[in-house]
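> Which chain is which? The protein sequence lines are A and B, in order. When the first sequence is numbered by full-length UniProt numbering, its final residue is 478 and no position is left out of the sequence of numbers. When the second sequence is numbered by full-length UniProt numbering, its final residue is 478 and no position is left out of the sequence of numbers.
It should be emphasised that the hints constitute simulated quantities derived from the structure, not laboratory data. Quick caveat: nothing in here was measured; it's all calculated off a predicted structure. There could be a bad hint or two in this list.
Since the list can't tell identical chains apart, any single copy or any two copies may satisfy a pair.
No farther apart than 25 Å at their CA atoms in a straight line, the calculated lysine to aspartate or glutamate pairs in the DMTMM-like style are these [what the hints assert, rightly or not]:
hint	residue 1	residue 2
1	K443	D459
2	K443	D162
3	K443	D178
4	K257	E275
5	K443	D173
6	K84	D459
7	K324	E136
Number of protein chains: 2
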Amino acid sequence: MALIEAFRQLLGGTAVLTREEDLAGLTEDWRGRFRAAALCAVMPSTTEQVAAIVRLCVAHETPVLPQGGNTSLCGGATPSGQGKPPVIVALTRMRRIRSLDPVNNTMVVDAGCVLATIQDAAAAAGRLFPVSLGAEGSCQIGGNIGTNAGGTGVLRYGNTRDNVLGLEVVLPDGSVWDGLYALRKNNTGYDLKHLFIGSEGTLGIITGAVLKLHPLPTAEAVAWLAVDHPQKALDVLGLFQASCSTRLSAFELMNAKQIRLVLEQVPGRRCPVAEIDTWHVLVELSDTGDAAALATTMQTVLEQALEAGLVSDGVVAASEAQRKAMWLVRHGVSEANKKAGVGLTSDTAVPVSTVPAFIDQAMAAVRAVVPDLPFVIVGHMGDGNIHLIPFFSFAEWEAMPERDTVAQRIRRAMNDVASSLRGTFSAEHGVGRTLTGEMSRYKPPVELALMQAVKQAFDPQGLFNPGRVLPPPPIATS
Amino acid sequence: MALIEAFRQLLGGTAVLTREEDLAGLTEDWRGRFRAAALCAVMPSTTEQVAAIVRLCVAHETPVLPQGGNTSLCGGATPSGQGKPPVIVALTRMRRIRSLDPVNNTMVVDAGCVLATIQDAAAAAGRLFPVSLGAEGSCQIGGNIGTNAGGTGVLRYGNTRDNVLGLEVVLPDGSVWDGLYALRKNNTGYDLKHLFIGSEGTLGIITGAVLKLHPLPTAEAVAWLAVDHPQKALDVLGLFQASCSTRLSAFELMNAKQIRLVLEQVPGRRCPVAEIDTWHVLVELSDTGDAAALATTMQTVLEQALEAGLVSDGVVAASEAQRKAMWLVRHGVSEANKKAGVGLTSDTAVPVSTVPAFIDQAMAAVRAVVPDLPFVIVGHMGDGNIHLIPFFSFAEWEAMPERDTVAQRIRRAMNDVASSLRGTFSAEHGVGRTLTGEMSRYKPPVELALMQAVKQAFDPQGLFNPGRVLPPPPIATS
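Please model the entire structure based on the sequences and the hints provided.
Shown next, in the form of structure tokens:
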């Protein structure tokens with residue numbers, strides 16, 4: 001085929017994959033939930049090659065699917081199976097750290113750099129790149145930026161968006177926007193960077209970025225608290241914010257069932273407090289300066305919380321080993337839930353002040369669909385981002401009639417409650433292909449129309465990652 | 001005229017200004033540099049009225065000029081004198097604080113709220129709204145957002161953009177986008193909010209906003225340092241960042257001439273260090289927690305800087321009165337410069353690491369235009385944002401032949417150097433009408449084309465603040 005031949009001429013044979021066995025890891029997502037054919041996959045090494053690839057795709061009216069580490073949770077990075085099979089543009093070979101400026105606190109990277117590589121390079125220069133998430137060993141920064149990834153650093157450092165100063169993007173017409181500004185202030189027209197961040201490959205292909213670095217924290221303090229209701233956790237959060245300001249770097253909420261699943265399913269985990277049957281909070285402070293001052297602050301706030309009756313038990317980690325052990329419980333969550341049964345994960349965020357109401361109302365709404373259903377709850381409470389997980393044993397789920405319909409009704413019930421509190425159905429995972437229906441349901445038509453106008457202005461042929469982010473326009477019924 | 005009559009019917013007579021004497025404060029900017037006719041000014045009280053006004057303007061094909069506190073430094077908020085005289089939409093009557101949520105750390109405000117009113121309301125609730133700038137007693141938050149205002153809080157808290165979570169905007173077709181989300185995380189499609197922030201009224205009228213609040217600092221430490229070169233100031237900045245992280249809330253650089261002008265022109269100001277003929281740095285730390293710890297930190301870093309030979313003298317303010325006295329010197333800058341002569345202010349930003357090179361190179365470039373010209377220098381060094389001010393006495397300036405040409409060549413010389421260091425010609429003041437030529441000169445055509453595409457998508461009739469931000473498309477020469 002002419003297009004594939006042109007790619008081979010442009011990139012050399014090893015950079016063009018067409019055989020099914022070579023494409024397997026790129027046409028299916030890592031959880032094995034989505035799979036569809038691609039025309040081929042190409043692996044450019046330079047921005048100029050990406051631009052040339054795009055121009056060829058445009059000339060052949062063939063869809064373009066940018067792919068990073070293929071770790072999307074929403075089917076955003078694999079072919080959709082609708083329309084013409086796309087060309088997958090895998091950024092894997094573009095993994096150069098172009099430069100690092102410790103005085104300006106910035107680094108310039110290729111989009112294909114793995115997140116962990118970037119974190120390591122920053123640390124080697126005595127700096128922190130604060131975006132951190134479960135997939136960091138394989139996800140690529142271009143994908144993190146394209147989806148505005150969240151993770152555990154958001155409370156203190158913001159989302160990926162807040163840690164990007166500039167971008168290089170190959171546009172849908174094959175031209176290159178060099179927006180690699182490394183500036184803290186720049187008020188010269190529309191902020192295009194923020195438009196590409198979170199656009200999930202529908203407006204262009206991010207090929208490079210200027211990242212913002214931070215001072216490397218030299219002190220940490222971690223505590224585990226038992227509270228008897230999310231409202232009390234919220235009150236404790238307020239105490240920490242008032243006393244610690246940006247030193248508060250994590251405030252994670254888990255319910256008793258979540259802790260129990262981790263203890264049952266993941267070897268070597270221990271509950272840090274005596275009583276399991278309560279709500280649990282992991283709180284972390286981090287700072288430059290010495291650890292002793294930070295430990296004192298942690299102790300002081302914890303005493304305030306105990307005196308105010310907000311906390312029924314609390315343990316401060318006394319060593320690096322104890323800190324790690326506490327985090328291991330939190331990080332055991334995904335493995336435990338996967339082993340224990342079927343959880344219908346949600347990714348809602350609501351205003352922080354409404355988290356307790358959200359939990360109560362959403363649980364009630366789901367139990368109106370399936371009475372007495374248990375919930376696993378784990379969330380970044382400081383961000384208002386709660387993963388409320390209605391949870392089935394494998395046997396219950398197998399025995400359930402009309403599972404798809406039930407799952408759909410359960411998700412709708414949770415998202416409807418989030419929406420009624422002016423929250424969102426996708427806090428950190430993005431839209432991808434799985435949530436375009438939610439876009440139609442929850443977004444005001446005016447907002448959807450603006451997004452469609454942007455898409456039309458940037459990608460009039462509609463070739464970039466079609467079927468993602470935006471719902472198809474409503475079908476006229478005349 | 002039909003349009004004015006329709007406004008009177010819609011809003012009542014007192015909300016429609018047409019007489020020249022009533023319009024005087026709205027058709028001329030506060031510095032008296034720009035003045036042109038408007039068709040009329042309207043003062044809506046509600047978002048619905050703004051929407052109705054826009055629909056009437058569209059029907060009459062009449063330009064729309066949103067106006068806040070009219071404190072633009074770039075002629076962005078007053079009529080341009082080109083094309084049809086616009087309708088000024090003054091947001092003055094929309095000054096309600098709609099709500100404040102101390103637990104979510106957000107407040108929702110009308111766009112016409114004066115910035116100082118917002119700061120006060122936040123403080124009354126024990127919270128900080130960190131945007132702070134010279135015009136805060138009269139500028140309105142809608143204008144701050146429309147221009148992504150900078151100011152003295154940027155080093156720690158970011159630009160206005162970083163302190164806005166949601167927007168309500170009346171669009172160029174008269175519809176209303178209710179994007180008043182109060183969420184820390186929300187990955188559901190393109191981030192439209194960031195497109196409106198900094199768009200200077202060319203894409204719609206901001207009528208309301210959700211603002212991000214922070215813990216109110218309870219401790220402050222201020223010091224005044226003498227350094228013999230900007231490079232040493234930069235090294236000191238690095239020490240403070242490593243030790244203090246986000247506690248560093250200001251790092252302001254001034255040269256000897258700037259200090260001398262303040263002492264000469266503004267009564268009651270004193271230089272905090274013995275020697276004037278040096279470079280000066282005002283550094284501020286702020287934090288929650290107690291002041292003693294912060295004072296110790298300040299003292300420790302200062303000793304490091306003295307030992308390393310980076311600082312030739314340094315004074316830590318020992319009282320609130322001394323802290324204020326130091327800030328009064330910094331805040332005396334505008335008044336002093338205005339009284340002392342004619343300064344051709346620039347608003348460049350460059351990567352922080354290149355500030356010393358920028359100062360050296362830009363001074364040399366300007367002195368190639370006017371030999372031996374003195375410079376006043378004052379800047380937010382921590383942001384890379386230096387106001388380099390070639391300075392004339394009134395007599396010299398009066399005697400200068402072809403002043404406009406000289407001024408233009410001087411500005412170009414400074415901006416060319418900033419551009420060569422990958423910096424910007426407008427760090428915090430915006431583009432308005434005065435800098436559209438710089439947009440043509442310094443922005444890559446690809447970037448301008450994307451901005452034009454956005455403008456076309458949002459405002460196809462081109463009625464919103466025409467002639468601002470974007471340069472006119474090049475005239476075809478065939």
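> Now, for every hint given, state plainly whether the structure supports it.
Hint check results:
1. For the homomeric pair K443 and D459, the shortest alpha-carbon distances inside one copy (22 Å) and between copies (22 Å) are both at most 25 Å.
2. In the homo-oligomer, the alpha carbons of K443 and D162 lie at most 25 Å apart both inside one protomer (23 Å) and across protomers (23 Å), since each shortest distance falls under that limit.
3. Taking the shortest alpha-carbon separations for K443 and D178, only the inter-copy value of 10 Å comes in at or below 25 Å, while the best intra-copy value is 32 Å.
4. For the identical chains of this complex, K257 and E275 are intra-copy neighbours only, at 12 Å inside a copy versus 67 Å across copies, given an alpha-carbon limit of 25 Å.
5. Taking the shortest alpha-carbon separations for K443 and D173, only the inter-copy value of 19 Å comes in at or below 25 Å, while the best intra-copy value is 29 Å.
6. In this assembly of identical chains, the alpha carbons of K84 and D459 lie at most 25 Å apart only when taken from the same copy (17 Å versus 33 Å across copies).
7. Taking CA atoms no more than 25 Å apart as the test, K324 paired with E136 passes inside one copy only; the shortest distance there is 18 Å, against 47 Å between copies.
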